[in-house]
Amino acid sequence: MKEQKRKNTPIHITKADVERAFKKAEQFKRLLEQGRTKEQIFKDMLRLIEGGE
Amino acid sequence: MENKLTQTIFSEATRLKIPAIILGGLALPAYSVFRTTIDIDICIYVNSQEVLDEFLLALKRKNIETLQKPKIEHDMFVVFGQNTEAEIWLKPCDAFSWDLQMVEKIQKYIDEVFVLSVEDYLLTKLARADRSSIDIDDILQILINNLNKIDWEYLRFRLKSKELMQDFKEILKAFEIDVNEDYQTKSKKIIEKFFNEK
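Taken in sequence, the protein lines are chains A and B. Heads up: the first sequence runs through residues 1 to 53, numbered per this note's numbering. Heads up: the second sequence runs through residues 1 to 198, numbered per this note's numbering.
What the hints contain is simulated information worked out from the structure, not anything from laboratory work. Warning: the hint list may mix true and false statements.
[Unchecked claim] Have a look at the derived ranges for each label pair, beta carbon to beta carbon:
#, chain 1, residue 1, chain 2, residue 2, range
1, A, 51, B, 197, 38 to 48 Å
2, A, 34, B, 154, 24 to 34 Å
3, A, 39, B, 185, 28 to 38 Å
4, A, 14, B, 181, 18 to 28 Å
5, A, 17, B, 165, 14 to 24 Å
[Unchecked claim] Over the 10 Å line for every Cβ pair with chain B, so calculated as not near, a few chain A residues:
#, residue
6, 33
7, 34
8, 35
Just so it is clear, CB atoms sit at the ideal spot from N, CA and C, and this is done for glycine as well.
All chains, full assembly: derive it from the sequences and hints.
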């Protein structure tokens with residue numbers, strides 16, 4: 001099956017976007033430093049989405 | 001893992017030896033990134049209608065059903081559990097299908113849940129037809145928090161094979177923007193690794 005490349009929307013990144021990305025990346029590292037694990041974060045996200053499953 | 005819909009889908013996939021991964025926002029913590037999401041996106045690697053039918057039957061036995069008639073050539077279908085739903089994709093991205101190298105590089109996330117390699121995950125974000133600013137934001141954070149983990153040679157190979165090199169270079173331009181000194185140092189490393197690391 002031939003995969004045809006579609007035209008995506010143009011990429012436009014501002015200084016504010018970059019600074020926000022760095023800040024968010026730091027926030028995640030802080031979460032890990034505080035003792036949360038990637039696994040716990042994933043489980044918490046699932047619990048929120050799946051609710052009372 | 002006590003969350004039933006996702007757990008059951010992955011358990012059944014494991015039992016039937018069908019490679020399955022979490023995609024989208026739920027996969028982000030595996031790459032040291034977090035944002036809220038309300039979607040469960042799962043992708044399975046199946047080669048035949050028979051295997052797909054077997055998987056659907058296994059889910060049905062666990063009260064997870066679809067209103068569609070999924071076919072092997074489809075992109076995705078939706079399954080419903082008791083309180084929620086999940087999208088089951090048959091290809092990791094609407095712009096490209098599975099290949100064996102991608103399957104081999106799947107990584108364990110938690111319990112029976114797996115994710116794509118960070119490089120292939122970046123590609124799914126970059127290539128998707130409805131790529132948004134959220135995807136670009138995810139890519140920036142993944143690059144920042146995985147700069148020492150990314151196999152840059154494999155990433156370059158993948159970007160080239162999917163004709164995404166130009167798009168990725170546009171993203172890299174973000175790391176040339178003048179920001180504070182700490183961020184600048186990391187930005188330089190990302191650019192250097194992408195162009196030079198073997």
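Hints versus structure:
| no. | hint | result |
| --- | --- | --- |
| 1 | A:51 <-> B:197: 38 to 48 Å | holds, 43 Å |
| 2 | A:34 <-> B:154: 24 to 34 Å | holds, 32 Å |
| 3 | A:39 <-> B:185: 28 to 38 Å | holds, 30 Å |
| 4 | A:14 <-> B:181: 18 to 28 Å | holds, 19 Å |
| 5 | A:17 <-> B:165: 14 to 24 Å | holds, 21 Å |
| 6 | 33 | holds, 12 Å |
| 7 | 34 | holds, 13 Å |
| 8 | 35 | holds, 15 Å |
Against the hints set out earlier in the document, no violation occurs for any number.
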